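Between the sequences and the hints, there should be enough to build the whole structure, so can you do that?
Below, each chain spelled out in residue letters.
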Amino acid sequence: MMEKDAWPLWEIFIRSKQGLDHKHVGSLHAADAAMAIENARDAYTRRMEGVSIWVVESKYVHASNPDDSGSFYDPANDKIYRHPTFYDLPDELKHM
Amino acid sequence: MTSAAAERNFQDKVDQDIRIEPKDWMPEAYRKTLVRQMSQHAHSEIVGMLPEANWITRAPSLRRKATLIAKVQDEAGHGLYLYAAAETLGTSRDEMIDQLHSGKAKYSSIFNYPTLTWADMGAIGWLVDGAAIMNQVPLCRASYGPYARAMVRICKEESFHQRQGFEILLVLSRGSAGQRRMCQDAIDRWWWPSVMMFGPNDDASPNTAQSMQWKIKRFTNDELRQRFIDICAEQIKLLGMTLPDDRLVWNEERGHYDFGPIDWEEFRNVLNGHGPCNKERIEARVQAHVEGAWVREAALAHARKNSVLKTEEAA
Amino acid sequence: MPVPVNIEYILHLADNALVLGHRNSEWTGHGPILEQDIALSNIALDLIGQARNLYQHAAALMNAGEVMTERRADGARTEVTEDYLAYLRDGWDFRNCLLVELPNGDWGMTVLRQFFFSTYQYFLYRELRHSQDSELAAIAEKSLKEVTYHLRWSGEWVIRLGDGTDESHSRMEKALGQLWKYTGELFEPSGYEQGLAAEGIAVDLHKIRPLWDQRVEEVLKQAQLTPGSNEWMQTGGKHGKHTEHLGYLLAEMQFLQRAYPGCEW
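Residue numbers (the working numbering), protein chains in the order written: chain A, 2 to 97; chain V, 279 to 593; chain W, -12 to 252.
This list has only true hints and no planted wrong ones.
Reference listing, derived: stretches of chain V covered by chain A, where coverage requires no fewer than 3 residues with Cβ under 8 Å from a Cβ of chain A:
| no. | stretch |
| --- | --- |
| 1 | 359 to 372 |
| 2 | 564 to 576 |
Each computed SDA-like pair below joins lysine to any residue, with the alpha-carbon atoms no more than 20 Å apart:
| no. | chain 1 | residue 1 | chain 2 | residue 2 |
| --- | --- | --- | --- | --- |
| 3 | A | Lys5 | V | Ala571 |
| 4 | A | Lys5 | V | His567 |
| 5 | V | Lys434 | A | Val52 |
| 6 | W | Lys194 | W | Gly182 |
| 7 | A | Lys60 | V | Asn584 |
| 8 | V | Lys515 | V | Ser454 |
| 9 | V | Lys291 | V | Thr280 |
| 10 | W | Lys228 | W | Trp167 |
| 11 | W | Lys208 | W | Glu154 |
| 12 | A | Lys5 | W | Ser157 |
| 13 | V | Lys515 | V | Val449 |
| 14 | A | Lys5 | V | Trp572 |
| 15 | V | Lys384 | V | Ala566 |
| 16 | V | Lys515 | V | Glu530 |
| 17 | W | Lys132 | V | Ala344 |
| 18 | V | Lys384 | V | Pro484 |
| 19 | V | Lys557 | W | His17 |
| 20 | W | Lys129 | V | Arg341 |
| 21 | A | Lys5 | W | Thr152 |
| 22 | W | Lys129 | V | Ala344 |
| 23 | V | Lys384 | V | Glu543 |
| 24 | A | Lys5 | A | Ala34 |
| 25 | W | Lys228 | W | Gln181 |
| 26 | A | Lys24 | V | Glu299 |
| 27 | W | Lys208 | W | Asp150 |
| 28 | W | Lys161 | V | Ala571 |
| 29 | W | Lys132 | A | Ser17 |
| 30 | V | Lys310 | V | Glu299 |
Quick list of the computed label-pair ranges, beta carbon to beta carbon:
| no. | chain 1 | residue 1 | chain 2 | residue 2 | range |
| --- | --- | --- | --- | --- | --- |
| 31 | V | Asp372 | W | Glu239 | 33 to 39 Å |
| 32 | V | Glu512 | W | Glu239 | 36 to 42 Å |
| 33 | V | Ala482 | A | Ala34 | 46 to 52 Å |
| 34 | W | Glu204 | V | Ala571 | 26 to 32 Å |
| 35 | W | Gly249 | V | Asn485 | 50 to 56 Å |
| 36 | A | His63 | V | Asn485 | 32 to 38 Å |
| 37 | V | Leu448 | W | Glu239 | 22 to 28 Å |
| 38 | W | Ala63 | V | Val527 | 46 to 52 Å |
| 39 | V | Ala482 | W | Arg139 | 51 to 57 Å |
| 40 | V | Ala482 | A | His63 | 42 to 48 Å |
Derived by calculation from the structure, the hints in this document are not laboratory data.
Remember, it's a predicted structure, so these values are computed and weren't measured experimentally.
Every residue gets a Cβ at the ideal spot worked out from N, C-alpha and C, and that includes glycine.
This is the structure:
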């Protein structure tokens, strides 16, 4: 159940002035894309100039599976965070 | 793969310093311990903003004003990095905030002490940040990838915090009689709580062994505490001040400073909610959260209106 | 403390930045969400940085012109520094607009105030880059980048809250009702501004007023808000006649320097 004030999670990718690629630096909460970019600028680039920032809502990042030999569970999903609490389920649903 | 095999696989990786990432198999206990450790670390950063933010509007020079705001802002950022790292393990920011506000989650008890003078800004930077750095640097090689990466980022930014604190004290120590008194008074109040930041003695820390095997803790409480005391006992000489411990003396045989007994009862009291500012700290955070609800709701409502509009336009 | 008009103008710009930076810094640790705490602190830092540059410029001019006639006990002339100007002037010597010294109110009032002020600062600095005072021009050039971001950030927030929920909308209407009468003073040229504008040192406020009107109207429209009436505007700050709020702000800000005079910090 989505709370009416819970902002979605966004993954942040930054390319520094001297860098060649965008690097994943972490995540943050924002209500919309413009805010996510500004928050990323404020939180992750305070000591840098002239960077490029990409933001993607976490739920839209799709990931490959880790090596089967290393994994115990066969992931039922291809999301970046494997744990089931990332599903939006109603509070009333117990034992899950 | 059997559970025992998966567990061996996991421990092998840890032993070889191969990072564990969010999608990797991990023992449930490891995941739980990490979530607790990272979220409590995050809470500490956020609550830790309050005692220092208390002096922003009274900072005695423009340079001090600016650097204090920057420091407190850094702490907000560190909280952000750590919440982000904890969220990779299946907990949400809101869940963690709820636990902090309800008292279920702990944060570093040092922040339950009041900041009574400007010199406290110096003492916190020198001693509290100093102790934190001592804990944090080893965690840059923690076994869990997102945690280690967050710690690297944090350690890079910490470098100016401790120097700033010491410099504040240094200037006071060379100032007027009132300033020198302020300096010593702050040290007297912040020393023992800082020493307690390293947690209970090793023989009273049952979780240490497991945490060290999992490499989410790299040195024991007593090891870090001794290192901290040894360093501070030397640094304070530059201030011409004293540490409030009349049993503090260099032990040539051990190659370390001997120090006086820690008041563990005070530590336990403060940890259990009976410190000078526990209530005020949580109330401040709860108030900010509650008063900010309408803002968060509005931003979300606006975003949804816009995305609906965009969908309609595209259709 | 009487000062030449060009210095008075610089102090006006500096006091605006310092007082608003100070007010914004009060939010540190109390923002509605962590990410915004960081954002507003950034803005506070930028403003304090601008204030420092401006105070340092004023101090240099005052020292060069031997403006300070007071002598110390040892007979030496008091040297003016950024801290002297920030911490040792009383309210009647401050030249900030009233808008920036008002208490923060809720988040809505804070972002709306920021929006009004940043829009003004944006067009002001854009013009000030051409000032005959080359130091002022340089400060304006540097500050413009920061203010461009402040304007964007605050404008977006005004829209989000004005066009958010019923509650946020009504809070924004209330904030607008409280703040609008302080916006006129931003464009009322004081005596020292008029002469200096003619000399090309200060910005001609009449020039930038329509730009401010236009930008504010655009954003308020998107925020579902209506600009107030321009019938009557609060004024006085630019001449040192402030609201009751400034006294308390300065008492807090200046306490240590007043309680422990003549000390290094």
